[in-house]
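Peer 1: Single-letter residue listing:
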Amino acid sequence: MKILLVEDDFISRTVLQEIVAHLGVCHQAMDGKEAVNAYRRALAENDPYNLICLDIMMPNMDGQETLLRIRDLEKEHGIGGSDMVKVIMTTALNDPKSIMTAMVKGSCDGYLVKPIQRGTLLAKLREIGLISQ
Amino acid sequence: MNTPISEDVMIIQEFTQECTDLLDSLEPAIVGFGEFTKESAFAPTDESMPILHEVFRLFHSIKGSAGFLNFSHMSTTAHAAENLLDKIRKGEKNMSADDVDLLCRTCDFMRATLDQVATHLSDGVMAEPAAELTARLQQNLEAEAGPPVHQAEAMQSGPLDLAVTPAMIAAFVQEAEEQLQEVEAGLLTWSDGGEKPELIAELFRKMHSFKGNCGFVGLADLERLSHRIETVLDVVKAGAGKPTAKPAEALLNLCDILKEALAGISQGGPGTIDGLELYLELLEDLIPSDWGNSPPAPSPPPLEEILVSQGDVDEETLNEALATQARPLGEILMESGSVPADKISQALECQRRSAGVAQPAAPAPVTALKRQDLRVDLEKIDTMINLIGEMVIAENMLIHSPDLEGLELENFGKASQQMSKIVKELQEVTMTIRMIPVAGLFNRMTRLVHDLSRKSAKKVDLLTLGTETEVDKTVIEKITDPLVHLIRNSMDHGLEGPEERLAAGKESTGTLRLSASHQEGEVLIRIEDDGRGLNRAKILKKALEKGLLTGNGDELSDKDVAALIFLPGFSTADQITDVSGRGVGMDVVKQNLSQINGKIDIDSSPDQGTLITLRIPLTMAIIDGMMIKVGSSRYIIPILAIRESFRPTAQSITVTPDGREMVKIRDRLFPVLRLHRLHQISAACETLENSILILLENQGRHVCLMVDEIIGQQQTVIKGLSEYIGHIGQVRCVSGCTILGNGDVCLILDAGNLAEIDSLAL
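Chains G and W, in that order, are what the protein sequence lines are. Here the numbering used here is used: position 35 in the first sequence is 35, and no number is missing along the way. Here the numbering used here is used: position 124 in the second sequence is 257, and no number is missing along the way.
For reference, chain G alone in the conformation it holds in the complex (with noise of 0.2 angstroms):
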């Protein structure tokens, strides 16, 4: 599996990292447009990611504008339906509109509340069906 940490912060990327290492590659990207360009070569590479963790409050591009931009990309290289990249917010935002927002607009598959439990995002990542019972 090939997974995409999209973090600003570094503790808590790290403690991300702990939780998914074991799951695959693992890439990591400090803002937004870090990650837009990591998942535009990623496509281009034809290797596209299976997951992606966004925060959502981040330096230069926000997670719901790279969410949408991911999307955008997706759509231009007809990728879609259950091919569309896996994507689980996470963030300390807890307001229902940017819950709602990413969970409708972005079609995000997941959203966490930091700070990250592993056992939560092991949970979710079963719920969407990443990794087996």
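Note that these hints are calculated values from the structure, not bench results. Note that the structure is predicted; figures quoted are calculated from it, not measured. Mixed in with the good hints, there may be bad ones.
[What the hints assert, rightly or not] Label-pair distances were calculated between CB atoms; the ranges are: (1) W:D510 to G:H22: 52 to 62 angstroms; (2) G:P59 to W:H651: 38 to 48 angstroms; (3) G:H22 to W:V562: 36 to 46 angstroms; (4) G:G78 to W:D157: 48 to 58 angstroms; (5) G:N37 to W:Q307: 38 to 48 angstroms; (6) W:A304 to G:N37: 40 to 50 angstroms; (7) G:N60 to W:Q550: 37 to 47 angstroms; (8) G:G78 to W:L511: 42 to 52 angstroms; (9) G:P59 to W:D157: 28 to 38 angstroms; (10) W:D157 to G:M1: 32 to 42 angstroms; (11) W:D157 to G:D47: 34 to 44 angstroms.
[As the list claims (entries may be wrong)] To spell it out: a stretch of chain G is covered by chain W in this simulated footprint if at least three of its residues, at any positions, have a beta carbon under 8 angstroms from a beta carbon of chain W; those stretches are: (12) 8–19; (13) 97–104; (14) 108–116.
[What the hints assert, rightly or not] DSSO-like mimics (lysine-lysine), calculated; alpha carbons at most 27 angstroms apart, straight line: (15) W:K692 to G:K75; (16) G:K2 to W:K692; (17) W:K223 to G:K86; (18) W:K220 to G:K105; (19) W:K547 to W:K557; (20) W:K732 to W:K606; (21) W:K547 to G:K2; (22) W:K223 to G:K75; (23) G:K124 to W:K606; (24) G:K86 to W:K557; (25) W:K606 to W:K674; (26) G:K86 to G:K2; (27) G:K33 to G:K97; (28) W:K557 to W:K588.
Where a beta carbon is used, it is the ideal one built from N, C-alpha and C, also for glycine.
The hints should help you fit chain W onto chain G, whose structure is shown.
Peer 2: Quick look at chain W alone, frame taken from chain G:
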């Protein structure tokens, strides 16, 4: 699981809002799939794939967010729909009409559930429909191509068959009217300029979506008729029409039928069409008899040929099946057990492949996905405009409050200036909300001219200019009838027949120009023809006959003569035609215009043509005014009417032998009007040299108004005069009133009337 994870109502509201938006934007796309699947099951192609993805994302999003909120029924149903779509997307299953039907039902279910969720914060009550729908989706997921027909029928009466609400009907009627309007415009171009493939294709698309909408809200008659029209367009598109047939005219008439039916629906009618069969038959004549049975060249070989050539079925069985063909051939063959299902789908696949890219040429509603506008009740906007009017008054009251008089308030001054600026902007923005372009209005006139020119055998070119000019919606409504009358008049009286035109040395085709523009806070609508112009002698004769005039009228200017045609009961048409000549037209025109403070002007020169100008104030609510003072009374003059103000010198004043006062400005003489005499108040100064003169202009007429003092500029909210004062005309030259900061009422002067007054008559 049936209770939400938190009592957080906010998030649920957010959820329903977002999901409703999403459903709104994607439902047409789902309905659009119905078109692909009408003939046979359909597999997604490059063109339809993005839409399929969008729809998939819709259900995916709903699944995710509903799951997040523990709305399990919604989430599982969405999941089932998602699975079905994914299978179609991967090409593992073709999309059948039944699938589309089911997806539409799923959308309906989502809406119903969202309503539930919004009020009860739970989707518990939707358990039963959810289970049923999920089962159906699951069934379709497993089923191969060729849906079981009886089940689709059973679904018709199922609990999920949600009723079409009145709100949906209203939205449908509004949209359908717009669509018809566009179709009509297209048909007109067609009938005038010969057929262009793109135009026909465009018409076909529009008619197609119209038909789709009719079907959606269950208007069978409308759907049948529009379907037939669509077929005719299809025939034309394929170039298979009879060369002699001229369908555009017939279609235009049918457009009218559709419109009437729509109008009936909006008034609560059943939406049936009288004599539908007749219309259908009429259209049948335009369709070649073999149309539909043997499609034109580039289409794929029919299913039966492939089956026969593959040796899966012999011709006899095939003919038998064909004899009863009302459903897709594949289904019949399968049901009668002649051919195994997998062979059929194989052949279907083969058929699809040979169709190649050509098959999805059916309209794909891709562009409609991103539109974001809002239909708002006009009443709400009016309330808002009224409130802003009140706010302007309140602002004036505050800034000009008597308590502040004589105080040096630097900071207050700054703040109040800022506020005035914002209030003004707010007011401007609000006014633009009500503005719509005149394009729609002008398009309707295109149709009118077309019909009239055919009826009267006069050739006319209609040119429309400035269609993008934006005008208040009420204004558009009010000037529609006048415009129709004016154009009828131009066509009937103004423009000549071809022979007469040629005899007069003009081109046989007349020109009618319809233009709109903005000028100094007014909208100008000009109707210009190059016909024979107004006939002075004829008008005078008629006016004398009807007793509308005393004397012989020789002393009247051309403009005054022209004004006669606005008198009630005036009509010069020698014979009454159904075009014009009933003698009710022009005075209605004037009445309608005066309701919106509009003016009408006629310029005409014999044999050159007639120009009719309608001037309508841009706004009827708030104007920029100049406050003046005469004696102890204050007045507001619309700033747009003011040309200049000055204190006259003794030399510049002349008195004519009959006693009129004139003032000379840069070698031109202008009449002076003493406002205090007009309104019989005592002024502070009686001598012209000590007073201030304000030069007003209205439609080329000037008058110098004598006042005592100019107080300053002010945003003025117009309040109508009460019936009593306004109608009986006790106060002359006043168009309305306003309320001042201190609560006093102040009259607004009407520059137009002032310019017409004869100062001697005072």
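Peer 1: It remains to establish, for every hint, whether it holds in the given structure.
Peer 2: Consistency of the hints with the structure:
1. W:D510 to G:H22: 52 to 62 angstroms: Given range 52 to 62 angstroms: holds, Cβ gap about 59 angstroms.
2. G:P59 to W:H651: 38 to 48 angstroms: holds, 47 angstroms
3. G:H22 to W:V562: 36 to 46 angstroms: violated, 58 angstroms
4. G:G78 to W:D157: 48 to 58 angstroms: violated, 25 angstroms
5. G:N37 to W:Q307: 38 to 48 angstroms: holds, 45 angstroms
6. W:A304 to G:N37: 40 to 50 angstroms: holds, 43 angstroms
7. G:N60 to W:Q550: 37 to 47 angstroms: Hint holds: Cβ distance 40 angstroms, inside 37 to 47 angstroms.
8. G:G78 to W:L511: 42 to 52 angstroms: Taking Cβ atoms as reference, G78 (chain G) and L511 (chain W) lie about 44 angstroms apart, which means the hint holds.
9. G:P59 to W:D157: 28 to 38 angstroms: holds, 35 angstroms
10. W:D157 to G:M1: 32 to 42 angstroms: About 36 angstroms separates the Cβ atoms of D157 (chain W) and M1 (chain G), which means 32 to 42 angstroms holds.
11. W:D157 to G:D47: 34 to 44 angstroms: With Cβ atoms ~37 angstroms apart, the hint holds.
12. 8–19: That given contact is violated, which follows from only 0 residues of the region 8–19 of chain G lying within Cβ reach (below 8 angstroms) of chain W.
13. 97–104: Satisfied; 6 residues make the cut.
14. 108–116: holds (count 4)
15. W:K692 to G:K75: violated, 66 angstroms
16. G:K2 to W:K692: Given pair K2 (chain G), K692 (chain W) is violated - Cα atoms ~84 angstroms apart, limit 27 angstroms.
17. W:K223 to G:K86: With a Cα-Cα distance of about 18 angstroms, the restraint between K223 (chain W) and K86 (chain G) holds, given a limit of 27 angstroms.
18. W:K220 to G:K105: OK: K220 (chain W) and K105 (chain G) at ~23 angstroms, within 27 angstroms.
19. W:K547 to W:K557: Between K547 (chain W) and K557 (chain W) the Cα gap is close to 16 angstroms, so the pair holds against 27 angstroms.
20. W:K732 to W:K606: Roughly 18 angstroms between the alpha carbons, so the hint for K732 (chain W) and K606 (chain W) holds.
21. W:K547 to G:K2: Violated: K547 (chain W) and K2 (chain G) sit about 61 angstroms apart, past 27 angstroms.
22. W:K223 to G:K75: holds, 16 angstroms
23. G:K124 to W:K606: violated, 54 angstroms
24. G:K86 to W:K557: violated, 50 angstroms
25. W:K606 to W:K674: violated, 40 angstroms
26. G:K86 to G:K2: holds, 11 angstroms
27. G:K33 to G:K97: holds, 23 angstroms
28. W:K557 to W:K588: violated, 50 angstroms
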